[in-house]
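K.L.:
Top line first, the protein sequences correspond to chains A and U.
Counted the way this note's numbering counts, the first sequence spans residues 181 to 373.
Counted the way this note's numbering counts, the second sequence spans residues 696 to 893.
Because the hints were derived from the structure by calculation, they are not lab data.
Note that the structure is predicted; figures quoted are calculated from it, not measured.
Glycine included, each C-beta is placed from N, C-alpha and C at the ideal position.
Hints may contain errors.
[As the list claims (entries may be wrong)] Distance ranges between label pairs, derived from CB positions: (1) A:289 to U:801: 23 to 29 angstroms; (2) U:836 to A:263: 19 to 25 angstroms; (3) U:749 to A:356: 34 to 40 angstroms; (4) A:319 to U:764: 42 to 48 angstroms; (5) U:875 to A:247: 26 to 32 angstroms; (6) A:196 to U:836: 48 to 54 angstroms; (7) A:291 to U:788: 36 to 42 angstroms.
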Amino acid sequence: MAPLLDRRKAVAALLKDRDGLLVVCGLGSPSYDVHAAGDHDGNYYLWGAMGAAALVGLGIAQAQPDRMVVAITGDGEQLMGLGGLATIAVARPKNLVIIVIDNGHFGETGMQKSHTGHGLDIAKIAQACGIEARLIETESALAEARAALHGKADGPRLFVVRVKAENAPRSLPIRDAVHLKNRFRANLGLRPL
Amino acid sequence: MIRTDPSAQGAETPSGGGGAAPNTGQKPGQSVSWPAAVYRILKGYDVRHMAFVPDAGHSELIELFRADPDIVSNVLTTEEEGIAIAAGAHLGGARSVLLMQSSGVGNCINMLSLPVISRFPLLMLVTMRGEWAEFNPWQVPMGLATEPALKAIGLRCLRAETADELIDSVAAAAALAYDADQQIAVLISQRMIAKKIW
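This is chain U alone, in the form it adopts within the complex:
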């Protein structure tokens, strides 16, 4: 069961798309609903596919995509399936985003050779575990390994510690992926995700 931050009904964020850093319109002390802002940015880039292994930190963004009849959402048995589906989507002319937790990144490494060697656009949004007030020790190794492992296989990683940084990073990452055929992971700091209650 997840306790979410009750103040996370955010300020209005303008729709995303394009390269300029969006003005979140955030007032001091007011949180931004980053899932809604991220969803708008990706819609602005005509993303039409989403794949995920469910993660609590992504639950709001997952639901935004799943509720959208213009988006194909695929639930995966393991995260590397999403890399393969995204490659197929690009071959067929559609843009994808992958949502996963840091533990799932570890499952993806060999499959990532496919977008890297082919120069497929790839955008992964990764919620981090094992790095900030983590209760479960089993999450710690992949928390440490996520960024080095992604870089080792050839991805560029952008990191976000706050909602504003995340919104800027997703806009920049989307441009890199869809306009420049790059393979990008945006790592969403565990500090931003509500603490899991066991």
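Bound-form chain A, shown alone:
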């Protein structure tokens, strides 16, 4: 079996030359990975609402149909929002990609094994919902996933990126939810009240 990818390098590779890509980050390690790759006004970091990341991505994608939107989240966070994959599949946005950084564990709470750690396959679940999905385990496959972030398709896409279960150095984003909201909207030319 090929060695698992390094999560920080994988996310940095996915976000290289990001241009106008809008990024929603699931709480915990995925937020730190995205922040470590470079804070950006087009990043919306979640510090709660576990299970919401892909769905927040759907809302943005539907409100901004000409922009590409990626939700970068973890296996634990996506597992809490599994039903959301059905909702996203039916909504069929052309400009939304979901990236699941899958280390098979709940990283914030003591590295307990998650359902994917027990063998469950989120890519297959997404495929069963009708979402184009694949497992990413190599750097060349990662490059293909990166390309998907920069072009619309017939429908939503989901990539599961298998990574090592280890704690990278913390890279903590801003926690002020109102600031994150205003910053993200200002980046889109939207003003507060």
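Chain U: place on chain A using the hints.
P.N.:
Chain U only, in chain A's frame:
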């Protein structure tokens, strides 16, 4: 199968939007089609997203939104998904409304931290069960818990017992949500909803 009130082909209601309480033009003894009035109020506020888990009491309003090509309608597997989608819609510059039954409110509580802590505008229209001529005992606990649970997480609740009250409440709630970044639930009394035939 739902028996709907045959007299609910209502009086003409003026289009909504803005803060003044709409004159429903209702004549004594004539019912108002509140879904049509609510739809017009929300269109007046440029609501462009709707999300729902289907509920019989909301079926007419759901269809009005779904038939509108300028509205994005999302069917949900569980109600809390709509809270997350509405947050994303606001981040992207679009206004949303969520339609659900009282039982679904119970599914939303943790997700509601998102709009509350972020001060996202949020408008939920909730049809109540378990509180008026209810056949199904399993609806009773959430019927009792809906208002306290929403208030506990930080939402303001407006209640409507009649069609006129509902139309006024939705207009006021829309102003609070979209003009003042508040998180509001309008609770639609079960007394207003046609009795479900089993």
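K.L.:
Hints broken by the structure, by number, lowest first?
P.N.:
none
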